[in-house]
Amino acid sequence: MKFKALILLSSVCLSVNTFVNAQNDFYLNGMGRFLISDNRLSGGALAGNTTTPNKGVSGYSIFDLTPTIKVGDNLKALVTLRLKSPFGAFFGNGTQYQIRQFQIGGKIAGLVTYEVGDINVGEGMSKYAMNNADDLFYKYESQVFTQRRQILEYENFNFGNKWRLQGAQARTKLAIGAVVDTIGAYGFVVRTNATNDANIADRILTGGRLSFIKNNMLTANGNYVGLLDIPVTTTQNVYKNHVFIGDATYGLDLGAVAIKANIESGISTYDFTSPSDSVSYKDYFYDGGVNANVKGLQLNFFGSYKNVGPQFYNPAAQTRRLNVDNSQGLFGTIGANPRAMTLFDRYSNETQYNRTLVTTLGNFMPQYNNASPYGTATPNRTGITLGLATDTSTKIINAELKYEILKEIIGENIADLRNFNVLTTGASFDLGKFIASERKYMFLVGYRNEATTRDGLAKIDLKNSLLDAGLSIEILKKLDLLLGYKKLTSVGNELISARTIVNKVDIATAYKFNIAQDILSTGVNIKFSTNSFLNMTYNWSTNTTGTTSNNYNINQFFLNLTVNL
Amino acid sequence: MKFTTVYKSIVITALSTLVLAACTRSSKEEAFLGPKVLPAPEGFAIQGDSLGFKFTNSGTSVDFLTGTSYFESKFSSEVSWKVAIVSRANGAVKTLTGTSATLDNVTCPWNGESDYLLFSNGDSCDANLTITGYADAANVLKKTSKSFVIAKSKDYEKVINGINNHTIVDFEPSPGAPGLTVPYSDAMDSPFISKSEYSDRAHGKYSLYCAGNDLSNNGYIGGLDMIKLVGLVGLVKETNANDVYLNMYVKGFGKMNTGLTLLFYELDSLHVDNPKSIAGGLAIPEGSWAGLAKSNDKWIKQINVDWIGWKLVSVKYSEFKKPNTDGCNGNCTLEPHKMRGMSIGLDSYPATGFPAEFAVDNFVITEGGPFKP
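Listed in order, the protein sequences are those of chains A and B.
Position 503 of the first sequence, counting from 1, maps to 503 under the working numbering, and the rest follow consecutively.
Here the working numbering = 1-based position in the second sequence + 1000.
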């Protein structure tokens, strides 16, 4: 079987090569990676437990080869072939062969660019229209964590905030020059669920964005996203969700200060018909803000106000990147109990990511983000955001301070409303640039503090904090010393409401939190080239809950050798 | 400048229009979303730390044929509570929830219905009361329990909320509803296992278990010869196939290519091979259905049993289709009031060549809607 794949690949390459001429291109990209981790589990949770495995070595090696054919500007086709061998497999036993992605694209008439196949959907669209966001604040985390996270993002095709789906998309930009300078158009259609030709419908996601740009200081845009079932004969559930959004940005340069104002507004309609329940919702949101760039201070001052309705539903913007219900790949159970996701798992577990859109607001863990668990478009939120940040002209120090005061629009399971106060801040300091050194000396610190309160008969008081600190120092040429620290604390109580299949708020379950998670990671990074490196780290993570019998530690040695062609 | 001013006006107007046109929220009339939930406050207590179970009729036995029951308790304040009733016999569950300061015949009645599987005569049950937010130091909800025995379980053989229920086979020993009879199988797939006294059941004491392996790769593994649905004569009156459901409890074992095949036979007319007459046009003739099939309809439905555990499956009679072979020899119309026979089969489905395994229990035909336990 393995030789068949190699023969096929060789034949394709050879066949293609014979057709290459001066106008066509054929090239290969590739990425090889070897990962290995040595893991140890310990702590009070294992006291008296002789059945739970408490150590193990795991890893794999992969080789992704991407041959790409370009025929002028009109056609481009690429496929990524993967060979994956799990750690411990000798002579290729257990090796998997798969096609990781396939895409055809090109340009039509020099105006319209298109892609078909495995595509990243949502470029340039409003975050209320299309968003694949992680609810955890990690903007100022150490490189030692970022490099681990990048492995997950690569494996799950998380590029920015777009969704990787299968379908087709196209875009064009036309210079008009009359009322507007440029009109941009973008559209896509993908299938998120396949029919079984019996009782499950095809589910199609379609949408796009129309932009009108004048002088790069005034833009007006329309966005549409629709998630629709195409019923078959005996379909039991039929789902339809339409979202229409308009947004505009206006900029004014007054010399010392440049001001940018933006406003965004949209509506959603949701219809779900099933044998057990049928519902229709309609709701809206609006979000407006101002940003003032004081050039002399190299600072941006910003403020915004938003109101997102409790039944504003858009799976393309509200599906969580992480699925907290997935089991953990590392030490999945302790005794008879499944191990819940921790801070450590969030940047190290490849199988925790959602790879498709879900129509119901997914479960979340409030200790990581209770105010915006579904990203910017989290429903049932209204309030203001104020802050300041360094502008892009600063190269040595980047810093920001943001304060959000949000509350619910309507209560969940009780009339009283939750209030959320969120402080987010962070800074990075590039000492290397500061002292004009060729070496890299980077220091980072980030902090997020969130308080959730509710008065009345169902009181809530939950305080979460997350601290990030780290440094990376180039101690020798191309040899970096990495150090990173994360600390999460969550104390208090919360009532988390379940959602039915039609997104109705259901019974709430009470939870008490007394969580402290610490991660200390240290290691070295040896760079062979811009994108090729050897990374070795040791990680100490502790998870305490106030009850010794639930506490545990995971210690891990991790090695990552990545070579990019 | 003129264009910019005009353009700005257009944009602002368009956005305002959009916002104004959209200013409707489905939720604006509600005080809050979802059911009311009140957690236990500080100092909460259950009076006497006890849960009582009362039966409306005098006497000591719990007989749902003659009365209903309710749970009794008093709390120090209004809270959201849950009473979970579990049968020790087969794990049947009923969950009662509410928000009140007491449990009584108004707030917490129970007439023997279930959410998962069915309660049966003689079942020993445990009822556990938990209160939202009322937990111990380890964050485990405190439970207050009560045990009791069900003498007579809920009777479903009647019209309940507009749905007429007819149990046609329950795999209990006589005098229960007749079970399916002689098993038959693909000789190439031997052995085909069928156990008619399988103790893991949805109701009663037994269910039917089937397992086999499609070694011949033709999809068919085995089945059980049909029963004569004599009990349906005169009972199923509905003529619209959309209003008749076949309901059954099916247990999957996680074998993804397990197919449960259901076959229904309708009596449109007699065939000359079977000369026995029908008295009054209602009695079922004796003899082989093979002969009758030549001039009557047979309808098929395949269900992919790709789950693990018991599940209530309800199939609309209108979803049954003409078989590929040997069917639709009558008037080729789905007529539920003419149902006279049923058989089931075990297949490798949707893909052939795989092992398959299921258990089934409590087949109920309903008119007017799916079975609601």
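Simulated from the structure, these hints should not be mistaken for lab results.
Heads up, some of the hints might be wrong.
Only part of the chain B face toward chain A is listed, based on derived beta-carbon distances under 8 Å [unchecked claim]:
(1) E1030
(2) A1031
(3) F1032
(4) L1033
(5) G1034
(6) P1039
(7) L1096
(8) T1097
(9) G1098
(10) N1128
(11) T1132
(12) A1135
(13) A1138
SDA-like mimics (lysine to any residue), calculated; alpha carbons at most 20 Å apart, straight line [claimed, not checked]:
(14) B:K1372 / A:K459
(15) A:K162 / A:R149
(16) A:K459 / B:G1043
Here are the simulated distance ranges between beta carbons [stated by the list, open to error]:
(17) A:G44 / B:S1190: 38 to 44 Å
(18) A:R499 / B:D1126: 57 to 63 Å
(19) B:I1308 / A:L559: 52 to 58 Å
(20) A:G187 / B:R1088: 58 to 64 Å
(21) B:Y1184 / A:R499: 46 to 52 Å
(22) B:D1155 / A:N354: 43 to 49 Å
(23) B:S1190 / A:G335: 41 to 47 Å
(24) B:N1242 / A:A194: 22 to 28 Å
(25) B:E1078 / A:S549: 32 to 38 Å
(26) B:S1190 / A:L75: 52 to 58 Å
Beta carbons: idealized from backbone N, C-alpha and C, even for Gly.
Going down the list of hints, with the structure as the test:
1. E1030: Status holds, d = 7 Å.
2. A1031: holds, 5 Å
3. F1032: holds, 4 Å
4. L1033: Nearest chain A Cβ about 4 Å off; hint holds.
5. G1034: holds, 3 Å
6. P1039: Hint on B:P1039: holds, closest Cβ of chain A at ~5 Å, below 8 Å.
7. L1096: Hint on B:L1096: violated, closest Cβ of chain A at ~12 Å, above 8 Å.
8. T1097: With a closest approach of 7 Å, the B:T1097 hint holds.
9. G1098: violated, 11 Å
10. N1128: violated, 16 Å
11. T1132: holds, 5 Å
12. A1135: Since the shortest Cβ distance to chain A is 7 Å, the answer is holds.
13. A1138: Hint on B:A1138: holds, closest Cβ of chain A at ~5 Å, below 8 Å.
14. B:K1372 / A:K459: At roughly 37 Å apart (the allowed maximum being 20 Å), A:K459 and B:K1372 break the hint.
15. A:K162 / A:R149: Judged against 20 Å, a Cα distance of about 16 Å means the pair holds.
16. A:K459 / B:G1043: holds, 14 Å
17. A:G44 / B:S1190: 38 to 44 Å: violated, 54 Å
18. A:R499 / B:D1126: 57 to 63 Å: Cβ of A:R499 to Cβ of B:D1126: about 29 Å, so the range 57 to 63 Å is violated.
19. B:I1308 / A:L559: 52 to 58 Å: Between B:I1308 and A:L559, where Cβ atoms are some 38 Å apart, the hint is violated.
20. A:G187 / B:R1088: 58 to 64 Å: holds, 59 Å
21. B:Y1184 / A:R499: 46 to 52 Å: Given a distance of about 47 Å, which is inside 46 to 52 Å, the answer is holds.
22. B:D1155 / A:N354: 43 to 49 Å: Holds, since B:D1155 and A:N354 (Cβ atoms, about 46 Å apart) stay within the stated range.
23. B:S1190 / A:G335: 41 to 47 Å: holds, 42 Å
24. B:N1242 / A:A194: 22 to 28 Å: holds, 27 Å
25. B:E1078 / A:S549: 32 to 38 Å: Holds: the Cβ-Cβ distance is about 34 Å, inside 32 to 38 Å.
26. B:S1190 / A:L75: 52 to 58 Å: For B:S1190 and A:L75 the Cβ distance comes to about 57 Å; the hint holds.
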